[in-house]
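Here the protein sequences come in this chain order: A and W.
The first sequence: position 47 = 47 (the UniProt record's numbering), numbered continuously.
The second sequence: position 59 = 59 (the UniProt record's numbering), numbered continuously.
Think of the hints as simulated: they come from the structure by calculation, not from any bench.
Cβ coordinates follow ideal geometry from the N, Cα and C atoms, glycine included.
There may be inaccurate statements among the hints.
[What the hints assert, rightly or not] Computed Cβ-Cβ distance ranges for the label pairs, DEER-style:
| # | chain 1 | residue 1 | chain 2 | residue 2 | range |
| --- | --- | --- | --- | --- | --- |
| 1 | W | F109 | A | R72 | 17 to 23 Å |
| 2 | A | S73 | W | F109 | 16 to 22 Å |
| 3 | W | E26 | A | G76 | 28 to 34 Å |
| 4 | W | Q8 | A | G97 | 33 to 39 Å |
2 protein chains.
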Amino acid sequence: MQRMDQAQARGRLAAAVEEARAGLAEGGIPIGAALYGPDGTLLGRGRNRRVQDDDPSMHAETAAFRAAGRQRSYRGTTMVTTLSPCWYCSGLVRQFGIGRVVIGEASTFHGGHDWLAEHGVEIVLLDDPGCVEMMRDFVKNNPALWNEDIGE
Amino acid sequence: MQRMDQAQARGRLAAAVEEARAGLAEGGIPIGAALYGPDGTLLGRGRNRRVQDDDPSMHAETAAFRAAGRQRSYRGTTMVTTLSPCWYCSGLVRQFGIGRVVIGEASTFHGGHDWLAEHGVEIVLLDDPGCVEMMRDFVKNNPALWNEDIGE
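Whenever a hint applies, use it, and build me the whole structure from the sequences.
As structure tokens, this is what we get:
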């Protein structure tokens with residue numbers, strides 16, 4: 001798999017940001033994700049659904065993975081997420097062999113992406129000001145909900 | 001949290017085994033799980049639903065976690081599973097601070113439970129002959145489905 005440059009990765013971030021903003025508008029936790037195939041086809045997209053569905057198992061990455069349906073292989077796929085993936089979502093990436101993760105930002109929350117890099121996953125870490133601002137404002141205004149979502 | 005002995009852990013395995021057997025009867029992957037509260041209350045139980053719901057995100061542990069609904073904290077909870085948890089489900093346990101994992105068997109599949117132990121999760125590994133036989137037979141008869149479920 002060829003390494004993805006920052007400009008390409010920024011282009012891929014759009015669908016995940018749309019999901020995050022839609023979640024925020026619904027009163028949910030504003031984290032969005034999208035799973036792309038090796039050829040750049042969008043396989044599935046989703047957002048955190050803890051509030052909307054009362055479902056703690058639907059983190060954004062899990063929701064995008066679920067929306068993509070059953071796939072025989074995840075070789076060469078790219079998970080794009082607005083925020084550094086937590087251990088749950090990092091475990092998903094490692095177990096299913098998703099080859100690359102594009103991350104909107106990791107300054108408001110630092111999940112398992114270093115661990116993924118150690119295990120051969122290509123990490124493209126953006127430092128997207130829009131993603132940072134959205135999360136920073138959300139955490140500031142909803143600390144209890146945010147802590148619930150990350151098990152703290 | 002007091003350490004759980006093997007006899008107690010065997011007692012907790014029953015609901016997870018029931019889930020696994022129900023999954024097998026439905027034509028699904030026979031892995032079951034149950035999440036217990038600190039006082040031994042059953043919070044949720046579930047089984048792998050890849051085949052039944054065409055849902056790759058519902059591994060047994062994730063399904064039990066989902067069935068338990070939103071919880072403010074997982075401190076002192078115990079996840080019981082018929083099979084060593086994969087990275088996805090191990091990540092779930094670590095992220096949400098589930099304190100203990102009871103595992104039916106880890107001989108047909110060795111997931112992330114050593115990693116969990118390194119990070120302070122109490123692991124009670126049983127070597128349940130019924131669990132081993134159920135998984136061994138399933139994997140032997142359904143290798144493609146099993147490989148799909150673990151991303152291989």
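Among the hints numbered above, which are violated by the structure, and what are their numbers in rising order? none
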